[in-house]
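Novice: Sequence:
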Amino acid sequence: MERTTLPVDGMACDGCERNVTEALESLEGVSSATADHEAGEVRVEHDESLVDDETIAGAVEDAGYEVAA
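Residue 1 is where the sequence shown starts when you use my numbering, and the numbers rise one by one after that.
The set of hints was computed from the structure by calculation and includes no laboratory data. Quantities reported herein were computed from a predicted structural model and do not represent experimental measurements. Note that beta-carbon positions come from the ideal geometry of N, C-alpha and C, so glycine has one too. Certain hints may be false.
Unchecked claim - For each label pair, taking beta carbons as the anchor points, the in silico distance ranges come out as:
#1 57 <-> 12: 29 to 37 Å
#2 48 <-> 69: 31 to 39 Å
#3 47 <-> 13: 12 to 20 Å
#4 5 <-> 50: 27 to 35 Å
#5 12 <-> 49: 29 to 37 Å
#6 64 <-> 38: 15 to 23 Å
#7 13 <-> 49: 30 to 38 Å
#8 62 <-> 31: 28 to 36 Å
#9 38 <-> 69: 19 to 27 Å
#10 49 <-> 15: 13 to 21 Å
#11 34 <-> 69: 28 to 36 Å
#12 31 <-> 7: 20 to 28 Å
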């Protein structure tokens, strides 16, 4: 299992955290995701053979948030 932490802009509340977490956990290969709006990041545990960082970032952006550079 790979652990990835990405900075995320635009999360302002628990609902935002839920949106990001649900979007990521729906991806095949993601075993867990934890979004933290106060820290402005998401931590993802995933199988790197099934899902890569680019796919994870895309899911965050599809949920309406921005992965910071």
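Novice: Between the beta carbons of residue 34 and residue 69, is the distance compatible with 28 to 36 Å?
Specialist: Once the Cβ atoms are compared, 21 Å apart, the range 28 to 36 Å for residue 69 and residue 34 is violated.
Novice: Could one say that the CB atoms of residue 64 and residue 38 fall in the range 15 to 23 Å?
Specialist: For residue 38 against residue 64, whose Cβ atoms are near 18 Å apart, the range 15 to 23 Å holds.
Novice: Taking the Cβ atom of residue 62 and the Cβ atom of residue 31, is their distance within the range 28 to 36 Å?
Specialist: At roughly 20 Å between Cβ atoms, residue 31 and residue 62 fall outside 28 to 36 Å, so the hint is violated.
Novice: State, for the Cβ atoms of residue 12 and residue 49, whether the hinted interval 29 to 37 Å holds or is violated.
Specialist: Holds, since residue 12 and residue 49 (Cβ atoms, about 34 Å apart) stay within the stated range.
Novice: Given a hint of 13 to 21 Å, does the C-beta separation of residue 49 and residue 15 actually sit inside it?
Specialist: Check failed, 32 Å falls outside 13 to 21 Å.
Novice: Has the hinted range 31 to 39 Å been met by the Cβ atoms of residue 48 and residue 69?
Specialist: Violated: the Cβ-Cβ distance is about 21 Å, outside 31 to 39 Å.
Novice: Is it true that the C-beta distance of residue 47 to residue 13 lies inside 12 to 20 Å, as the hint says?
Specialist: 30 Å, violated
Novice: Holds or violated: 30 to 38 Å for the Cβ distance of residue 13 and residue 49?
Specialist: Check passed, 34 Å falls within 30 to 38 Å.
Novice: Could one say that the CB atoms of residue 31 and residue 7 fall in the range 20 to 28 Å?
Specialist: Between residue 31 and residue 7, where Cβ atoms are some 21 Å apart, the hint holds.
Novice: Looking only at beta-carbon atoms, does the pair residue 5, residue 50 fall within the given range of 27 to 35 Å?
Specialist: Taking Cβ atoms as reference, residue 5 and residue 50 lie about 19 Å apart, which means the hint is violated.
Novice: Return holds or violated for the Cβ distance of residue 57 and residue 12 against the range 29 to 37 Å.
Specialist: 19 Å, violated
Novice: Would you say the C-beta atoms of residue 38 and residue 69 sit inside 19 to 27 Å of each other?
Specialist: 20 Å, holds
Hints 1, 2, 3, 4, 8, 10 and 11 from the earlier list are contradicted by this structure; the remaining hints agree with it.
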